[in-house]
Structures are given as structure tokens and as C-alpha cells.
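J.: Construct the entire structure; sequences and hints are all you get.
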Amino acid sequence: MIVKIQRFDEMISDKPYVETYNVPIEKNNRFTVLDLLRYIEENIDNTLSYYNHSTCNHGICGRCLLKVDGKNVLACTHLVQNDEIEIFPKNDKLIKDLITK
Amino acid sequence: MTDVLVIGGGGAGITAAVSASKLGAEVIIVAKGKIGNSGNTIMIGGSYAMDGESAFTEYGFEKADRGLTKDVLFNSIINDGFHISDQNLVKQFVDESPWIVNEVRVWAEEAKQTFKFGRPATWSMSGRAMGRALHHGLSKSSNITEIDDVIIVELIKDDSRVIGALGIDIFTGEFIKISSKACVLATGGYQPFSLKNTNSDMTGDGLAMAFKAGAELADMEFLLFLLTALEPNEIKGSIMPVYFSFFGFKFKISDRNGNEIEIPDELKSIKQKSELCKLIDLYYIGNAISNGRGTNQDGVFLDFSDSTDKEINEMFDNLIDYYQNFYRKGYYHSDNVNEYRDIVLQNRRIEVGMGNEYTLGGIMIDEKMRTSVNGLYAAGECTSGTFGSNRVADAVTEMIVQGYRAGQTAVEECLSFEHKQVDTSGLVKKYTDLFHNENGITAIEANLKIEQISDKGIHFIRNEDGLKLAIKQFEALEEALENVTITSKSKKYNMEWIRAIQAKNRLICAKLSALMALERQESRGLHLRSDFPYVNNDDYIIRQFARMEKGKIKLYTRKPIITTYDVPVGGNYKYFDYILQHKMGLENLVYNEEG
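Line by line, the protein sequences are chains A and B.
When the letters of the first sequence are read in order and numbered with this note's numbering, they come out as residues 584 to 684.
When the letters of the second sequence are read in order and numbered with this note's numbering, they come out as residues 589 to 1183.
For the record, the hints were derived by calculation from the structure and aren't laboratory data.
By construction, the Cβ of each residue, glycine as well, lies at the ideal position given by its N, Cα and C atoms.
There may be inaccurate statements among the hints.
[As the list claims (entries may be wrong)] Here are the simulated lysine-lysine pairs, DSBU-like style, with alpha carbons at most 30 Å apart: (1) A:K684 with B:K1060; (2) B:K784 with A:K587; (3) A:K676 with A:K650; (4) B:K917 with A:K654; (5) B:K1079 with A:K598; (6) B:K679 with B:K917; (7) B:K622 with B:K700; (8) A:K676 with B:K898; (9) B:K784 with B:K1060; (10) B:K1037 with A:K610; (11) B:K1142 with B:K1037; (12) B:K898 with B:K840; (13) B:K765 with B:K700; (14) B:K1079 with B:K765; (15) A:K587 with B:K1077; (16) B:K784 with A:K654; (17) B:K765 with B:K838; (18) A:K650 with B:K861; (19) B:K800 with B:K861; (20) A:K598 with B:K1077; (21) B:K622 with A:K676; (22) B:K1017 with A:K684; (23) B:K861 with B:K917; (24) B:K784 with B:K1056; (25) B:K859 with B:K704; (26) A:K673 with B:K1017.
[What the hints assert, rightly or not] For each label pair, taking beta carbons as the anchor points, the in silico distance ranges come out as: (27) B:E762 with A:S596: 53 to 61 Å; (28) B:N731 with A:E593: 57 to 65 Å; (29) B:S729 with A:N655: 31 to 39 Å; (30) A:E602 with B:E1070: 26 to 34 Å; (31) B:A1068 with A:S596: 42 to 50 Å; (32) A:E593 with B:T1151: 29 to 37 Å; (33) A:T603 with B:E1000: 42 to 50 Å; (34) A:N674 with B:K1171: 55 to 63 Å; (35) B:D954 with A:S596: 51 to 59 Å; (36) A:E602 with B:L611: 47 to 55 Å; (37) A:N626 with B:E927: 25 to 33 Å.
T.: Structure representation (C-alpha cells):
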């Protein structure tokens, strides 16, 4: 699965860029976007920041909102449906990677 | 700078802030997530209650069951907790809960949130509704400053008392120092296992901070588990399956090979009517899994092979009707109930595990919510002592009845103190120095290790060898964590950094849990030992405590505080003989929709 994620770290550059990860996961595993991000963080790149503190994981708190393939969704409930996926922050007030104000 | 600093943004923290504000104090409430929308408060899929007599006579609920008096509730909490509750704490819980339960119910009404009444005198709600009701109560109060998304990492002390706290803003990475006259910890429990049905961040921060500041932690060997979804993957961690027993679903529980895990009939009937269901599941499912009968994920199956499609559809239709009081139709929180049903219809079985829901252990308090450290108070799940070795009354009630009292005591005892400033640059350096570590364990690895060790060593059924091994592994991990290494050097939203801090807190809690489980050479409540399967009242009607002395953990015991209810005697009861002989499992503690 090809996963494109917008990254931003002001210690590296003042502009965001898109990083592409090749993730060895089949889409029929019923992974949510949050599962996918956790997989990348745990197995590929532990510098990736996404909303991951005090999370409910069940669509309760509504704080993990992201832009996935151009649509605003909750990362914890949205199932990964294609072999390629684009994950962007919900707005352009960037703090770090997918984290915004 | 503030009079009262409240740490934690759930029910205990919010009620503490409100009561302190009512007595005229200035309050800062700070939470790791968003106040009223984080922690385990929003994970509630349950209810809270008061005694039926108070509901009827004091608050006019005519359908309340007056038979559930304060005395009945008091005795039941102690009896079902296997008699190691501090009875002064149970009395505070029972006596003071009606007022605050009703107050929060009024907040819910004003905030247009659904709290549904049921007998005996219980209100069911969603976690989100509880969070909104509480936040409404908070916003009605004056002189309260809310600070979201800050993890408090250290309590600041002078020679004699807690005088403030140091935290990190998770989004910016900046340090925040708050000076206070009194501090209330309301940080929730800890969750050391891999299967979570809690909020993701139950890392025992408050327990660990209190412990490092000299407070005593107690009863850490008791951890409450309950049935938790393992499939489908997107709802893994949901406690929806817990409802099946209460809604009369007919199913067996079967092991990895499809063989039934048998539960005696007399216990099955207790299971359907009382909160003891969690303990009975722990015993039978836990034993099956410990004996190698679990699935690869330490799960078992809810087996519907004896039910027709029509019966399955009816069971789920009833459940969906009930959930519709609180959630959009067809959902429990955001978990799709119809998809769950489809899997049951298709496979006639569905995999579930036992997830850790709640920790009985925590900071030792008295009935005023004082800890043993001056200026430090605690409330809610981060405390210990009310429910003994098995909780049957509501944790939702616990958080607000203790929170409200903690805020009051903090004001009564501390308002006259002067603020004090101490140099915290050394403390700050301790945390920024973590960025200089190299080639060590990562925070992710450390947390996975805590889970692996806990899953094996302090899970459902314990034994001496397993506990000793777990303690050794925890100690090795403690050493490795000294050099925990952070890859990204940016302090902004650096979860490696935050997770490293949390891992150290979580590890303190998990290790104390193993140490106390090793010392308790019997089975009692939620602590089950395969090598000591008997309930031993002669030697173990005791509470275990730990405190730091000169950098070392000191363990000791004392008898629970007994006020009115005498403790039973006699060693070597068979576990379920004890439960049946002592008439445990008060029936009407469970939500009953009729009425």
C-alpha cells in the first residue's frame, strides 16, 4: 500500500513536503487511518506526528480529524479503502506533520 | 499562580474545580487532553447511581427502589469487595453521593444531555454526554482557568508540602510551571496491558507523581477486566459485548477449538443480574486462556451456534433500540452494531478478549481526600481503598463524589498558605536531557515491552514464578529506560518524548502491581493465584501499601479501617464457595430499564 503523508518540521524546513511510505498491509485488514499511522510510527518512522495523545479510538472525542484523499474524516473510525491513500492535515495552521492548531 | 491546582480533566477534576470555586478559591484545572472531552470519562458506556431511598425521599424520584438503602449499598460494596475496603471511604461514597449525583444530573439537563433513569436509582448515559454535562457545570463556575493539552510531569515540593507542579504543553513542547496553595490529583488509573478499552493515555501519571512525592500507593494487585471486542478490527477495544449479558443475549463462551468454557448455572444467574459478572468472567475465561485455550490474541469466542437468525436479529434489535437513547441509530459510540451483528449471523461466533477497564489500586486517601503528603489531595480512579479488591458500585459516582470533596478540603485547609517559589531549572533539565540520550530503547519499544511483560506476568491468573519473572523484567526495563532515546529533536508535538515520560510512570505502576500480587499469597476479588487458589481471611484481610524511602520501594500492610461492618474470619475458602456463602452480588445494583 502506498501512503502519502504531508510532513512538516520547522527545525528541518519552513515548508511542508509530502513523504511516501510503502506499507506492507493489505487494504482488507479493516485498518483504520489511525491504525495505519500507528503502524508507520511503530515500524517505519517513529518521528511521524499525528494526533495521538489522550485518544478515544472510537469516534467519541472527534479530535483526530484529518484530510484523507481530500475529505475530512476521523482517523480512528475511517477505514482504509484503497491501495493508495493521501493523508493531509485538516488545515494549514501547521505545528508538526499532521498536527495543526 | 493559583489557590487550587487541579490535575485531570475528567469527572473527578471538574467536580474538584467546581467545589473549590464555590468556596471562593481561584482554580486552575489542567488536563493532558481536552477538559470534559478526554480521559476515561468520555469512554463511559455506563451509568451512575445513588441509593434508592435518597432518590425517593430527597430528590422525588417516585420510581426509585427504596429497598436499596444507604445501609444496603454500604454493606454490599464492602461485601462484594471481599472486606478490604476502608469503611470510612465507603461511608463517604454512600453518604455524599446523592447530592453530587443529582447536581451533575441537573447540569446534564441544562446542557440538554440524555441521562436515562432506571431502577434502583441509576442514570445511564454516554461518555460524551457526561463530559458535556460536567463541562457545563465547570463553565457556570467563576474563577476557574482551563488549560488543555498539558501533561503535568512533576509535583513541586518544598520541605513540607506540595507547592505547585511542572508540565509540558504537548503541542508546543514548552514547560509550564504552576504555583499553588493546594493540589488535587484527578488523573485516572493506569493500564499496563496490550488490549485497551480505555482512553489511550491511561499511563498512571498521577500515581507515579504522587509516589515520587512521597505519597503511598495501595491495592495495586487488583485490576478489573471485562469483555472487550477483538473483531472487527475497527471496533477492537469496544466494551459493547459487556451489554450482551444484561440484555439477555443467549450465547456460550467457547475456546479456540470451539469447546465451551463452562460456567456453573448458579453463577450464570448471578452473572446476568449483578456487577459480579466481570469477576466471574475473569475467573472462568481467564483460567481458560491461562491454560492455553485462548486464541492467538488471548481471546475467546462468544458462540451463538445454538441461536437462529431470527433470535440473533431480535437480540441485536433490542440492543440497538436501547443504544438509540444515547447514540445515533445502529451505533454504540461510533461502533457499528449492525456490522457486528452481520459477523455474528455469518460466523455464528465472534472473538472477544478481556480488556483492562479500571484499576482498584492507587493513591491512599482518607475520607476528606487527603493523601499522606501535605497540600496534596486525590480523587477518582487514581485513588484506592473504597472498593477493596473488587468494584461493584459505579466508578462514575466515585469520581464525582470524591472530586467534589477533594476540592472542598483543599480550600478549607490551604487557602491561608502563602505562595512559594522554588527553582525548577534542575527539574526542567531532567526532561530536556532526554533528548541527549543515544542508542537506547525507544519510547515505543518501552511501552510495548511493558505490555508484553504485563500480559504474561500480571494478567488474569497469577503465580509466583510468573510474577518474579515480571518483576525482574520490569527492573531491567527500568534500567533501559534511563537511556530512552528520542529520534526527532523537535519539541513540538513530540510523542516520542511524551511517551518516554509516560512509560516511566506506567512502569512504576506495573511493577508495584507485580510486587503486591506476589506478596498476596491467596486469591481475593480480582486477584487470582493458581498457586494460592483459596480465600484466606485469617491472613489477608489486609491492604498493601508502597512508598518511596531513600530512593527505594518500601512495602508494608495494615488492616482496612473498620467502622461498622465486621470482617469475616476463616482461611481456605474455595473461591466460589466464599462468594456463594457470603451472598455476594447484590442484584439491583445493575441498571434495570423497567420502572
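J.: Each hint needs a verdict: does it hold in this structure or not?
T.: Hints and how they fare:
no.: 1; hint: A:K684 with B:K1060; result: violated, 43 Å
no.: 2; hint: B:K784 with A:K587; result: holds, 28 Å
no.: 3; hint: A:K676 with A:K650; result: holds, 14 Å
no.: 4; hint: B:K917 with A:K654; result: holds, 24 Å
no.: 5; hint: B:K1079 with A:K598; result: holds, 18 Å
no.: 6; hint: B:K679 with B:K917; result: violated, 40 Å
no.: 7; hint: B:K622 with B:K700; result: holds, 20 Å
no.: 8; hint: A:K676 with B:K898; result: violated, 52 Å
no.: 9; hint: B:K784 with B:K1060; result: holds, 24 Å
no.: 10; hint: B:K1037 with A:K610; result: holds, 28 Å
no.: 11; hint: B:K1142 with B:K1037; result: holds, 25 Å
no.: 12; hint: B:K898 with B:K840; result: holds, 17 Å
no.: 13; hint: B:K765 with B:K700; result: violated, 36 Å
no.: 14; hint: B:K1079 with B:K765; result: holds, 17 Å
no.: 15; hint: A:K587 with B:K1077; result: holds, 23 Å
no.: 16; hint: B:K784 with A:K654; result: holds, 29 Å
no.: 17; hint: B:K765 with B:K838; result: violated, 55 Å
no.: 18; hint: A:K650 with B:K861; result: violated, 45 Å
no.: 19; hint: B:K800 with B:K861; result: violated, 41 Å
no.: 20; hint: A:K598 with B:K1077; result: holds, 18 Å
no.: 21; hint: B:K622 with A:K676; result: holds, 19 Å
no.: 22; hint: B:K1017 with A:K684; result: holds, 27 Å
no.: 23; hint: B:K861 with B:K917; result: holds, 26 Å
no.: 24; hint: B:K784 with B:K1056; result: holds, 24 Å
no.: 25; hint: B:K859 with B:K704; result: holds, 23 Å
no.: 26; hint: A:K673 with B:K1017; result: violated, 34 Å
no.: 27; hint: B:E762 with A:S596: 53 to 61 Å; result: violated, 22 Å
no.: 28; hint: B:N731 with A:E593: 57 to 65 Å; result: violated, 37 Å
no.: 29; hint: B:S729 with A:N655: 31 to 39 Å; result: holds, 34 Å
no.: 30; hint: A:E602 with B:E1070: 26 to 34 Å; result: holds, 32 Å
no.: 31; hint: B:A1068 with A:S596: 42 to 50 Å; result: violated, 33 Å
no.: 32; hint: A:E593 with B:T1151: 29 to 37 Å; result: violated, 59 Å
no.: 33; hint: A:T603 with B:E1000: 42 to 50 Å; result: violated, 60 Å
no.: 34; hint: A:N674 with B:K1171: 55 to 63 Å; result: holds, 59 Å
no.: 35; hint: B:D954 with A:S596: 51 to 59 Å; result: holds, 55 Å
no.: 36; hint: A:E602 with B:L611: 47 to 55 Å; result: holds, 53 Å
no.: 37; hint: A:N626 with B:E927: 25 to 33 Å; result: holds, 27 Å
The structure fails hints 1, 6, 8, 13, 17, 18, 19, 26, 27, 28, 31, 32, 33 (numbered hints given earlier, in ascending order).
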